[in-house]
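Novice: What follows is the residue order along each chain.
Protein chains: 2
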Amino acid sequence: MTAPPPVIVLVNPQLGQNIGKAARAMLNFGLTEMRLVAPRDGWPNPDAGPAASGADVVLEKAQVFATVAEAIADCSQVFASTVRKRDAVTPVVGPEGMAAAIHAQPGRSAILFGPERSGLTSEDVVLASHIVTVPINPDFGSLNLAQAVILLAYEWSRTTALAQPTRFEVEPRAPQADVEGLIGQLDEYLSAADYFRPPERAQATRQTIRTIFNKTGWSARETKAVRGMIRAIAHPRVRSNTSNS
Amino acid sequence: MTAPPPVIVLVNPQLGQNIGKAARAMLNFGLTEMRLVAPRDGWPNPDAGPAASGADVVLEKAQVFATVAEAIADCSQVFASTVRKRDAVTPVVGPEGMAAAIHAQPGRSAILFGPERSGLTSEDVVLASHIVTVPINPDFGSLNLAQAVILLAYEWSRTTALAQPTRFEVEPRAPQADVEGLIGQLDEYLSAADYFRPPERAQATRQTIRTIFNKTGWSARETKAVRGMIRAIAHPRVRSNTSNS
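Which chain is which? The protein sequence lines are A and B, in order. Reading the first sequence from the start, the letters are residues 1 to 245 in the UniProt record's numbering. Reading the second sequence from the start, the letters are residues 1 to 245 in the UniProt record's numbering.
Derived by calculation from the structure, the hints in this document are not laboratory data. Idealized CB from N, CA, C, for every residue including glycine. Mixed in with the good hints there might be a few duds.
To be verified - Quick list of in silico lysine to aspartate or glutamate cross-link-like pairs, EDC-like style, CA-CA up to 20 Å: (1) A:K215 to B:D194; (2) B:K61 to A:D178; (3) A:K224 to A:D178; (4) A:K215 to B:E171; (5) B:K224 to B:E180; (6) A:K215 to B:D178; (7) B:K224 to A:D178; (8) B:K61 to B:D41; (9) A:K224 to B:E60.
What the hints assert, rightly or not - With the Cβ distance kept under 8 Å, some of the chain A side facing chain B (calculated, not the full set): (10) F140; (11) E171; (12) A174.
Unchecked claim - Just the calculated beta-carbon pair ranges, DEER-fashion: (13) A:G181 to B:I183: 20 to 30 Å; (14) B:E116 to A:H235: 43 to 53 Å; (15) A:V64 to B:R117: 51 to 61 Å.
With the sequences and hints as input, model every part of the structure.
Specialist: Okay, structure coming up:
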C-alpha cells in the first residue's frame, strides 16, 4: 500500500489569484486535493480560475472549512509550512524529511500554508505534527505562496518517483570493441601523418588518445559517425562541379 | 575546491516582470549570476525591479548577450531546461542529476531557460551538454519561467547542503568556446571534403556533430589534442627519411 498524496490546506488565503496559482503548482506534481480555511474573499472566487492556467479540476474539488482543526480532522500527519524561526517544540523537518514522513505511513497527510502577508499563526502551528521549512538564503527569504506550494509538491513528487525509476531513452554507450576500432583507425592515419614524434613520446601520446576516446560516452552510431568524419578528412572527396540534379 | 554556483541564462525572455521573478527565485537559493540573451524589450527593463521583490542585486549584475553561444562561452557544462520530449541524443538528466553533475566538476555551469511562450529552440538545445527536465505530471505540465528557475535553483541548493566539498582530481571540462572551436575546425575540413551531402541533410548532420562533441566531457587540453590530431590527418607531414639523430 502506498501513502495517499498529501492534502494542501491554504489557511485564510487573501487573493483568489494566489489560490489559482497554488492549484496550478499542485497539479504540476500530481496533487489534486485542496482545502481552504476561511478564504478572505469567500469561495468560489472569480480570480482563481484564470490564474490556475487549466488546473480547474483542483479548484472545482476544493473544499472549504471554517477552521484549521476541521480541515485537518481526517489527517494523521500535519505539516505546518513556515520560513520563520519558531520557539515551538514541534519537530522541524526539511522538505525531504517531510516527504519521507508522508511516504512512511499509510494515513492521510496535510500541509498547511498561511495567508500571503503574515504566514501561519502560532495557534495554527501547534495543530501540526511537524513544522516544515524550506532551507533558504538566510539573507533573502522571499517565497510567495505558490512557490512554497510548488517546492513542497515537487519534493513529494520527487520522493515518489524514486520508487519508480524512469526509463531512459538515451542510446547505450558503444561496446568497447567499437571504441577500439575508432582508436585503431585514428592510430593508422596519425602514424601515416608522422604524428607520433619524437618516438620516445609515442607511448604516452597513445595513452592520452585512449583516455580521450574512452571517456566520450558515444553510442555505436556516434562512434561510427566519427569514423566517417575522420575518413572524409583523410580522403577528401573531390567536389564534383557537374551536379546531377 | 568547490564547484561555482551555476549561471542562469534566460534566452529571449519576453516580459520584464518574469525576469524580475526569476531573479527573486534565484536569490532565494543563493544564485546571483543572471545572463540575458537578447531580451525582447531590451535591458534594463523597468518592469523587472518591482517583480524582483528586493532581489535587485541579481538584476544589477545581469549581463546581456546577443547570442546563446556568447552567453555560455566560458561555461564548461550547459544544461538546457525543457519539458518537451526531444528526439535529441543529448543526455537527459533530472534536477538531481543536474545538481550532481554541477557539483562533480570544478568548471562553471550554465542553465538555459527559453522564452515564456515557446521554450528553447532546437538550435539552443544543441548548444547544451545536457537536457534537464523536471519530472512533471504527464497530464498537466504547466511550469512558468520563474517556477522552472526556482525548482532547479532549489535542487542545486539542496544538493549543495548535502555535498561534502570534494577535491577535484579530474581536469575541468573545456569551456564551451573551445568546443565551438573544435566543431568549427571540423566543419571547415568536412566542408572542404564535400562531406555534407546531400545539401538537405547538411543541417541535421551539423546538429549530430554538435551533439557528439558537446557530450565528450573533454578538458581544454584534450580538446586541443583532438584538434591537433584532426589537423595532422588533414595535412599529413611527409615523413623525412633522413634522420638528424
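Novice: Determine for every hint whether it applies to the structure shown.
Specialist: Status of each hint after checking the structure:
no.: 1; hint: A:K215 to B:D194; result: 29 Å, violated
no.: 2; hint: B:K61 to A:D178; result: 48 Å, violated
no.: 3; hint: A:K224 to A:D178; result: 8 Å, holds
no.: 4; hint: A:K215 to B:E171; result: 13 Å, holds
no.: 5; hint: B:K224 to B:E180; result: 12 Å, holds
no.: 6; hint: A:K215 to B:D178; result: 17 Å, holds
no.: 7; hint: B:K224 to A:D178; result: 23 Å, violated
no.: 8; hint: B:K61 to B:D41; result: 18 Å, holds
no.: 9; hint: A:K224 to B:E60; result: 48 Å, violated
no.: 10; hint: F140; result: 5 Å, holds
no.: 11; hint: E171; result: 6 Å, holds
no.: 12; hint: A174; result: 12 Å, violated
no.: 13; hint: A:G181 to B:I183: 20 to 30 Å; result: 23 Å, holds
no.: 14; hint: B:E116 to A:H235: 43 to 53 Å; result: 49 Å, holds
no.: 15; hint: A:V64 to B:R117: 51 to 61 Å; result: 35 Å, violated
The structure does not agree with the numbered hints 1, 2, 7, 9, 12 and 15 stated previously, though it agrees with the rest.
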